[in-house]
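Line by line, the protein sequences are chains A and B. Okay, so the first sequence: first residue is 0 according to numbering that gives the first Met the number 0, each after it adds one. Okay, so the second sequence: first residue is 0 according to numbering that gives the first Met the number 0, each after it adds one.
Where hints are given, some of them may not hold.
No more than 25 Å apart at the CA atoms, straight line, and that leaves these computed lysine to aspartate or glutamate pairs for DMTMM-like [as the list claims (entries may be wrong)]:
(1) B:Lys178 with A:Glu409
(2) B:Lys303 with A:Asp400
(3) B:Lys245 with B:Asp344
(4) B:Lys117 with B:Glu320
(5) B:Lys245 with A:Asp400
(6) B:Lys245 with B:Glu300
(7) B:Lys245 with A:Glu409
(8) B:Lys303 with A:Asp178
(9) B:Lys303 with A:Asp223
Okay, the calculated beta carbon distance ranges per label pair [stated by the list, open to error]:
(10) B:Ala313 with A:Ala114: 31 to 41 Å
(11) A:Trp109 with B:Ala313: 28 to 38 Å
(12) A:Leu118 with B:Asp344: 44 to 54 Å
(13) A:Tyr20 with B:Ala19: 46 to 56 Å
(14) A:Leu365 with B:Arg337: 53 to 63 Å
Please keep in mind that the hints were generated in silico from the structure rather than gathered at the bench. Computed from a predicted model, the values in this text were never measured in an experiment. All C-beta atoms in this analysis are idealised placements derived from N, C-alpha and C, irrespective of residue type, glycine included.
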Amino acid sequence: MIFPSYIFFLVFLPLTLSAWYLLRGHTRARLFALTLASYWFYGSWDYRFTLLLLASTVLDYVVGARIAATGDPKLRWRWLMVSLVGDLGALAFFKYYDFFVGSAQTSLAWLGIEADLPLLHLVLPLGISFYTFQSLSYTIDIYRGQCRPAKDFLHFAAYVSMFPQLVAGPIVRYADVEDQLRVSPSRSATPDRIVEGVWLFAIGVAKKIWVADTIAPLAEACFDGSGTPSVLVAWTGVLAYTFQLYFDFSGYTDMARGLGKMIGFDFPINFDSPYKSVDISDFWNRWHITLSRFIRDYIFIPLGGSWGTRAETVKNLIITMGLGGLWHGAGWTFVVWGLYHGVLLATNAVWSGAGRALPAGLGRVLTFVAVVLGWVIFRAPTMDRAGDVLVGLAGGGGAMDALTRTRWLEAHGVALPVLAAAAAIAFFAPNSQELPKPARPVFGFVLAIALLATMTTFMKETPFLYFQF
Amino acid sequence: MRRERAFLRVFLATWFGGLALLLALAIYVNPWRNFGDVGITRLMNSRSTKLRYVAALPDAELPDAYVLGSSNTMAYDPADIERLLGYSAFNFGVFWGKSEDDLTILSWILEDRKATPKLLIVGADTWALAPAEDDHPVFPGLRRELLNEPALMKHHPPLGAWRIWWSRIIDAFLQGQLKEYYRLLRAARNGEDVARRPSPGLLESGIFRADGVRVTYGDAYGRVPGNIYEQVERGEFPIGEILQEKVDTGRTDELVHLRTYRFDRFLPARVAHLEHFVELAEAHGIDIVFVLNPVHPIFYEVLKEQTPHEANVALLRALLERLQAAHPNILAIVDASRIENFGGDPNGFFDEIHPSSTNTERVLEKIAEALGR
Numbered sequence: 000m001i002f003p004s005y006i007f008f009l010v011f012l013p014l015t016l017s018a019w020y021l022l023r024g025h026t027r028a029r030l031f032a033l034t035l036a037s038y039w040f041y042g043s044w045d046y047r048f049t050l051l052l053l054a055s056t057v058l059d060y061v062v063g064a065r066i067a068a069t070g071d072p073k074l075r076w077r078w079l080m081v082s083l084v085g086d087l088g089a090l091a092f093f094k095y096y097d098f099f100v101g102s103a104q105t106s107l108a109w110l111g112i113e114a115d116l117p118l119l120h121l122v123l124p125l126g127i128s129f130y131t132f133q134s135l136s137y138t139i140d141i142y143r144g145q146c147r148p149a150k151d152f153l154h155f156a157a158y159v160s161m162f163p164q165l166v167a168g169p170i171v172r173y174a175d176v177e178d179q180l181r182v183s184p185s186r187s188a189t190p191d192r193i194v195e196g197v198w199l200f201a202i203g204v205a206k207k208i209w210v211a212d213t214i215a216p217l218a219e220a221c222f223d224g225s226g227t228p229s230v231l232v233a234w235t236g237v238l239a240y241t242f243q244l245y246f247d248f249s250g251y252t253d254m255a256r257g258l259g260k261m262i263g264f265d266f267p268i269n270f271d272s273p274y275k276s277v278d279i280s281d282f283w284n285r286w287h288i289t290l291s292r293f294i295r296d297y298i299f300i301p302l303g304g305s306w307g308t309r310a311e312t313v314k315n316l317i318i319t320m321g322l323g324g325l326w327h328g329a330g331w332t333f334v335v336w337g338l339y340h341g342v343l344l345a346t347n348a349v350w351s352g353a354g355r356a357l358p359a360g361l362g363r364v365l366t367f368v369a370v371v372l373g374w375v376i377f378r379a380p381t382m383d384r385a386g387d388v389l390v391g392l393a394g395g396g397g398a399m400d401a402l403t404r405t406r407w408l409e410a411h412g413v414a415l416p417v418l419a420a421a422a423a424i425a426f427f428a429p430n431s432q433e434l435p436k437p438a439r440p441v442f443g444f445v446l447a448i449a450l451l452a453t454m455t456t457f458m459k460e461t462p463f464l465y466f467q468f
Numbered sequence: 000m001r002r003e004r005a006f007l008r009v010f011l012a013t014w015f016g017g018l019a020l021l022l023a024l025a026i027y028v029n030p031w032r033n034f035g036d037v038g039i040t041r042l043m044n045s046r047s048t049k050l051r052y053v054a055a056l057p058d059a060e061l062p063d064a065y066v067l068g069s070s071n072t073m074a075y076d077p078a079d080i081e082r083l084l085g086y087s088a089f090n091f092g093v094f095w096g097k098s099e100d101d102l103t104i105l106s107w108i109l110e111d112r113k114a115t116p117k118l119l120i121v122g123a124d125t126w127a128l129a130p131a132e133d134d135h136p137v138f139p140g141l142r143r144e145l146l147n148e149p150a151l152m153k154h155h156p157p158l159g160a161w162r163i164w165w166s167r168i169i170d171a172f173l174q175g176q177l178k179e180y181y182r183l184l185r186a187a188r189n190g191e192d193v194a195r196r197p198s199p200g201l202l203e204s205g206i207f208r209a210d211g212v213r214v215t216y217g218d219a220y221g222r223v224p225g226n227i228y229e230q231v232e233r234g235e236f237p238i239g240e241i242l243q244e245k246v247d248t249g250r251t252d253e254l255v256h257l258r259t260y261r262f263d264r265f266l267p268a269r270v271a272h273l274e275h276f277v278e279l280a281e282a283h284g285i286d287i288v289f290v291l292n293p294v295h296p297i298f299y300e301v302l303k304e305q306t307p308h309e310a311n312v313a314l315l316r317a318l319l320e321r322l323q324a325a326h327p328n329i330l331a332i333v334d335a336s337r338i339e340n341f342g343g344d345p346n347g348f349f350d351e352i353h354p355s356s357t358n359t360e361r362v363l364e365k366i367a368e369a370l371g372r
């Protein structure tokens, strides 16, 4: 079940919201209903996944309580290790087992050693990277004394499983929502907040359906083909993916934040016009902000952050971003993409550390180009394909002949103006959270009609790109 | 806060009012009989139409043989079958027929019509076993014609009453359906005969003859207006020229059936339907001839280049041979996947995949050979 689907629009959301508002004044019953709905939402992909979610929740709830209950630093550390091994072990097993074993096999073969290591071909539980990080942040924050343990298991289970942000973020820390879980939701889900939620949700749906899904075929034509693409296919494909990813993921985040507001929760923003960034550091402060914050606080700073020598900072940045790349997927393209961004951040750190700065306009263009080139590695199924596309961008695939160009233009006639509009919005328009959310009743009418019209296009459910991570 | 409350009231009223309106429209127009016999039910259901015709036949007139399969089998002429094989026959080919159609039709003939034919000629299309097309939002690949024919659905493996109910509701909201509602409503306003009546009978449909053969074909490429049936049957339709022009100008993606062949595996459930179908026939002592359906030779080359068609044909042939090995007494296979195999005529096609009776007659000669007639 994805947000833009019939089952979500017509059954899940009406039932969940009805239960939420009917149970006004019964905070625990509401949290129970929310948790139940969230497990239904998650189990709709595969009911077995819910067992993993429950196991992770129980583990971190117990560990959090144990850490908080003892003042013995050694014991606290041991309990933290239980959480780290449990959560990261599950993540490593389900997400990375085949990747590591396959890579080991390839390396051994390269050394002339034939090894028949077993691959498990496990189905990746949806959203495991997100809720594992979220759940893990709870035990680490308690260990660090940065948050209190959950009031009870229901509070914690509701926090981990909350359906709006369960499968693709924003990654919410317990401290972000602790008070919101404790406060009676009847006081937090106010009409103005619900109106804002409805608007945000509708903006997210529009971003996903009318922009991301419309330009996706341009990206597919470039990345899923074979041989070196022509310069036109390469550039439109790469730019299409650049904006598809942004509108898809930020659309999802808008929907998640909108749904959160409908039930009285404020989730942190995840995107802040990232393609307006003036340097690569600025980009990571605007793109997938909750992940950036997570890897900064839980990987970069523990490694030493930028307090050491310049060389140490460079090393820490590259390690952090390499791991960040690996978080996105079990494949070398993601690792290389992460390392690429690590190098960009390190270069930027050295450059700005020397007191140099580029004019904002030039910085913006260079940052955008660097990010776009990174997306080529990120999107390509293999490094070889990434190479083909990069050669295509440089003109190595030549130009299309007239007939092929005519056919290509006919096939993508709708997507090209949408791509241009997407670029204009990303570069010049305000962010979703900055847009006005008019509350005049006539807009309620217009919004409902627009959502109904959009709903008639839900023939095929296209999962969000970040679901695969 | 008052303004926000008013906004939410208007939003919710419009949302639920809009949903109710769309649902009411779907029930009023009801082109696929999703909601039973109400509304403007004009669209012809080949499964219902043929089933009702056979249901109404006196027992003495029930045929010895049936042709099953998709529209690719609709040109098999029962008169040719009688002449070449000595059996009276009825063409029960249905639009987009798949293995579940063969199974449910045979089950209906045996259990409800209480008849036991002697021979089934089954046109086997590779795509009839493919996972899905994007046709139905809840049951991909399952045709609405089958879903809304209760007499056949009762023989289909259970899909769950709630899922069927849900599928009908959301089907009502699809953009494609809304366009269909609009088209039918406009036709009704223009005085066309779309008033409340059930799906037309076999002869009233204007599409089939009394023996089930299809006699109405539109030109898929819009060169010739109206029905091209006679023209094709006389070998005067330039199908080869049309297809060759598409190939020569690089416009092969305009070949309307190309997308159907883009798959690389069979759906286990559909293979199971086929196995069940053969078992059922054997249990009643019915002979089966599977015919690997032909496509136009120019289209074959396009499929070979752009799809896994050759591999899929090999996969289908292997599957049928496995079934033949398991049921040697009742099952024969005729590989007509290439027209060279049966001396076919490239002009004997209505489009790239639908053979005319010129070709089906030649296939029937091969069937006669296979059956030792």
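Hint check:
no.: 1; hint: B:Lys178 with A:Glu409; verdict: holds (23 Å)
no.: 2; hint: B:Lys303 with A:Asp400; verdict: holds (24 Å)
no.: 3; hint: B:Lys245 with B:Asp344; verdict: holds (20 Å)
no.: 4; hint: B:Lys117 with B:Glu320; verdict: holds (21 Å)
no.: 5; hint: B:Lys245 with A:Asp400; verdict: holds (17 Å)
no.: 6; hint: B:Lys245 with B:Glu300; verdict: holds (12 Å)
no.: 7; hint: B:Lys245 with A:Glu409; verdict: holds (15 Å)
no.: 8; hint: B:Lys303 with A:Asp178; verdict: violated (63 Å)
no.: 9; hint: B:Lys303 with A:Asp223; verdict: holds (20 Å)
no.: 10; hint: B:Ala313 with A:Ala114: 31 to 41 Å; verdict: holds (34 Å)
no.: 11; hint: A:Trp109 with B:Ala313: 28 to 38 Å; verdict: holds (36 Å)
no.: 12; hint: A:Leu118 with B:Asp344: 44 to 54 Å; verdict: holds (51 Å)
no.: 13; hint: A:Tyr20 with B:Ala19: 46 to 56 Å; verdict: violated (21 Å)
no.: 14; hint: A:Leu365 with B:Arg337: 53 to 63 Å; verdict: holds (58 Å)
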